[in-house]
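Please take these sequences and the hints and turn them into a complete structure.
Chains as they are written, first to last, in the working numbering: chain A, 1 to 522; chain Y, 1 to 252.
Hint data in this document are derived by calculation from the structure and do not stem from the laboratory. Some hints could be false.
Unchecked claim - Only part of the chain A face toward chain Y is listed, based on derived beta-carbon distances under 7 Å:
hint: 1; residue: 101
hint: 2; residue: 104
hint: 3; residue: 214
hint: 4; residue: 295
hint: 5; residue: 297
hint: 6; residue: 299
hint: 7; residue: 300
hint: 8; residue: 352
hint: 9; residue: 439
Glycine included, each C-beta is placed from N, C-alpha and C at the ideal position.
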Amino acid sequence: MSGVEEPIILLGRNDIEKLLSRHLCAGLIGFRRFRDCGVVEGQEHIVAERRTIVIDPVTRIEGHSKITLHLNEEGQVYDAQFHVTQFRGFEKFCEGRPFSEMPALMARICGICPVSHLIASAKACDALLAVRIPPTADKLRRIFGLAQVVQSHALSLFHLSSPDILLGMDADPAKSNIFGVLEKNPQLAKDGIALRKFGQQIIERLGGKRIHPAWVVPGGVSDPLTADDRDAILKTIPDALAIAERSIVWLKGTIEGFRQEIASFGNFPTLFMGIVKPDGGLTFYDGKIRFVDASGTLVAKDLDPADYQEFLGEKVEPWSYLKSTYYKPKGYSEGVYRVGPLARLNVADRCGTPRADQELAEFQELQRTAVLSSFHYHHARLIEILYCIERMESLLNDPEILDKHVRAIAKANALEGVGAAEAPRGTLFHHYKIDEQGLIRWANLVIATGQNNLAMNKSVLQVAKHYVKGEKITHGMLNRVEAVIRAYDPCLSCSTHAAGQMALQIQLLSPDGAVLDEVVRN
Amino acid sequence: MSPTNVVKPGTKPVQPASNVKTLQIDGKDFSARPEETILDVARQNKIFIPRLCELEGLSDVGACRLCLVEVKGSNKLLPACVTRVYEGMEVTTNSPRLAAYRRMIIELLFTERNHICSVCVSNGHCDLQWMAQKLGLTHVHFPYRYPKANVDASHERFVIDHNRCILCTRCVRVCDEIEGAHVWDVMGRGIDAKVVTDLNEAWGNSETCTSCGKCVHVCPTGALSEKGHAVAEMEKRRHFLPYLTMMRESQE
Numbered sequence: 001m002s003g004v005e006e007p008i009i010l011l012g013r014n015d016i017e018k019l020l021s022r023h024l025c026a027g028l029i030g031f032r033r034f035r036d037c038g039v040v041e042g043q044e045h046i047v048a049e050r051r052t053i054v055i056d057p058v059t060r061i062e063g064h065s066k067i068t069l070h071l072n073e074e075g076q077v078y079d080a081q082f083h084v085t086q087f088r089g090f091e092k093f094c095e096g097r098p099f100s101e102m103p104a105l106m107a108r109i110c111g112i113c114p115v116s117h118l119i120a121s122a123k124a125c126d127a128l129l130a131v132r133i134p135p136t137a138d139k140l141r142r143i144f145g146l147a148q149v150v151q152s153h154a155l156s157l158f159h160l161s162s163p164d165i166l167l168g169m170d171a172d173p174a175k176s177n178i179f180g181v182l183e184k185n186p187q188l189a190k191d192g193i194a195l196r197k198f199g200q201q202i203i204e205r206l207g208g209k210r211i212h213p214a215w216v217v218p219g220g221v222s223d224p225l226t227a228d229d230r231d232a233i234l235k236t237i238p239d240a241l242a243i244a245e246r247s248i249v250w251l252k253g254t255i256e257g258f259r260q261e262i263a264s265f266g267n268f269p270t271l272f273m274g275i276v277k278p279d280g281g282l283t284f285y286d287g288k289i290r291f292v293d294a295s296g297t298l299v300a301k302d303l304d305p306a307d308y309q310e311f312l313g314e315k316v317e318p319w320s321y322l323k324s325t326y327y328k329p330k331g332y333s334e335g336v337y338r339v340g341p342l343a344r345l346n347v348a349d350r351c352g353t354p355r356a357d358q359e360l361a362e363f364q365e366l367q368r369t370a371v372l373s374s375f376h377y378h379h380a381r382l383i384e385i386l387y388c389i390e391r392m393e394s395l396l397n398d399p400e401i402l403d404k405h406v407r408a409i410a411k412a413n414a415l416e417g418v419g420a421a422e423a424p425r426g427t428l429f430h431h432y433k434i435d436e437q438g439l440i441r442w443a444n445l446v447i448a449t450g451q452n453n454l455a456m457n458k459s460v461l462q463v464a465k466h467y468v469k470g471e472k473i474t475h476g477m478l479n480r481v482e483a484v485i486r487a488y489d490p491c492l493s494c495s496t497h498a499a500g501q502m503a504l505q506i507q508l509l510s511p512d513g514a515v516l517d518e519v520v521r522n
Numbered sequence: 001m002s003p004t005n006v007v008k009p010g011t012k013p014v015q016p017a018s019n020v021k022t023l024q025i026d027g028k029d030f031s032a033r034p035e036e037t038i039l040d041v042a043r044q045n046k047i048f049i050p051r052l053c054e055l056e057g058l059s060d061v062g063a064c065r066l067c068l069v070e071v072k073g074s075n076k077l078l079p080a081c082v083t084r085v086y087e088g089m090e091v092t093t094n095s096p097r098l099a100a101y102r103r104m105i106i107e108l109l110f111t112e113r114n115h116i117c118s119v120c121v122s123n124g125h126c127d128l129q130w131m132a133q134k135l136g137l138t139h140v141h142f143p144y145r146y147p148k149a150n151v152d153a154s155h156e157r158f159v160i161d162h163n164r165c166i167l168c169t170r171c172v173r174v175c176d177e178i179e180g181a182h183v184w185d186v187m188g189r190g191i192d193a194k195v196v197t198d199l200n201e202a203w204g205n206s207e208t209c210t211s212c213g214k215c216v217h218v219c220p221t222g223a224l225s226e227k228g229h230a231v232a233e234m235e236k237r238r239h240f241l242p243y244l245t246m247m248r249e250s251q252e
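Written out as structure tokens, the structure is:
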């Protein structure tokens, strides 16, 4: 009924949750159906025959989230949201801690990419010490970071997304996992597991353990590399390279079958951001920031990551714990940009290693402009894996790599420091302010997933509009909505640190889209 | 007459043999001098009694209560570090009851402040952590208190993190008894007790502190640490203490 004029008493968040969960179907991917309703003096009014589909939880991603799809009377999606429902709060509870603890403390943010947080945090601490770290420490940190990109990308592509690619988007959810892949294509599953192991073992050899190593410290790394460990790592490189080569051939062979998905999976113009070397080459550790637009034209270059606040804005939306980051000069709605493998390959002129450069050339042929479809994140991931393995090999063969001088010792010489690096999922910033005693007074983390937030939301809407239609909602439709999220490989545990109470907004909409009532809690 | 029984003129006679006390620990017979404690005897005979506040070279205060033992004839548990031996004493150093109490004490230590091993400078080199593992602690059954405790990093070289302090008072004793500076003391009562430098002033402003670092190295946890250490890097060096004490005593 569109004629409801009386303000309707709104349900509390808990009531809505209860209402929703009553309609939750069993299984990993349930979708709920309920009618927007309000209660006036115990009377239920049907406001509109519209439906909301909630995918909760989104599966095969890292962290907790849900997706809400809003359907109109014709059963067409008119709005969609990707809600991040978890909250971590590292920015707040590190306050008061000595800055020297920060790298290991921040590494606890994530079990998949602790190394990225270690590196970005240690770089911010290097800035607090105001030292230049020994060259060997710099190279060792690079290897450490590259090893992590390999294992994290392998996890994302093989463990989480390969079921969609190999078994199809409409596959039985019970089979859509790494075991299903193992059944259908054992070699592929084994390759993925081996590749992740390869990366994890390098991390273990360098840092002492695979998850949350504390080896990266302010001023460098805590222990030098031994010749035995170097040789052991070098021995594993040829196999890893072979796997990467095989996997790239496999993935390229599947692309033809996903024309529709490629066209609708976040295929829209946005900016792309990434750190590049001074010569424009791909890097994960250090460099200047570049922005390119959808046509592949440079929008900004040589931006210092330490000045990120000048060109990046952060906004909190009431329906998610995840901050949305945007390119300031273009404003909130126009400044949507993407980071991560796709963005890095769009901003970089070259990889700088022979095999990866060949693949990059082919990748750039996918689209005359920048490669826009987020479906190609997967492809980009594999090219990056190739680059990482090649790059690690050359770093390990550097005669300087066994040097024992790997740590610069200093007291805090600056009260503010920014550290940035390319994490597997995109550019990562750690920004700290300390007092004279060296205790953290303020911290801000800008995480790749937050930077992709706006693009992810737009992608969810695009996919949902394209696939979710009609009276009967199928698993395949909804799985595609999830699959586009998986393409970004979001890490929600990494990215949810905005402090304070979650703002809550409830809107009551009539079928013509008019806001009948709204309650906002900030 | 054998030479050992000859008492030289001007020297003290050897203590008569009747002053030796005999006692049983865990069913085994031992002998001890009357001024010795149960813990002294146990230590000499390699019997493990857990403790956190006790440190060889410092006086004993019985603060941590981990060394509680059962003594026959007493319905109270007695702290081994400050209980003198007596003739015919029968001591039990380990029983299910003692093990349960000891675990409970460790659990309460963990709940009292914010001991977060994974991000602590002393992770892997911590007496509290080691003891918890040794005593088979797997869970904490009490609610955590999460007190708001501060970190004082005003000293040029050292940091005190009250989140990790277990009030063992090793720092207080080493500073008073060995260094002779008495910078550290305890203020407040009960749950509000905390160690302070001088009269609860910032450590960096302390006029009495000699910056010798003994307190840092006797501290069993990450409460006292050297500045600039990353997580798990703070290793304590304590071997100096018994030698220092020995040298002092031999000079007296």
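Evaluation of the provided hints:
The interface hint given for residue 101 (chain A) is met, as the beta carbon of that residue sits about 5 Å from the closest beta carbon of chain Y, less than 7 Å. The interface hint given for residue 104 (chain A) is met, as the beta carbon of that residue sits about 3 Å from the closest beta carbon of chain Y, less than 7 Å. Interface restraint check: residue 214 (chain A) against chain Y, minimum CB-CB distance 5 Å, threshold 7 Å, status holds. Restraint check, residue 295 (chain A) versus chain Y: the minimum CB separation of about 45 Å is more than 7 Å; hint violated.
Given hint, residue 297 (chain A) at the interface with chain Y, is violated; its Cβ is 43 Å from that chain's nearest Cβ, farther than 7 Å. Of the supplied interface hints, the one on residue 299 (chain A) is violated, with its beta-carbon coming no nearer than about 38 Å to a beta-carbon of chain Y, more than 7 Å. Taking 7 Å as the C-beta cut-off, the interface hint given for residue 300 (chain A) is violated, the closest approach to chain Y being about 35 Å. Here the hint on residue 352 (chain A) is broken, as its CB sits about 31 Å from the closest CB of chain Y, past 7 Å.
Look at residue 439 (chain A): its Cβ gets to within about 6 Å of chain Y, closer than 7 Å, so that hint holds up.
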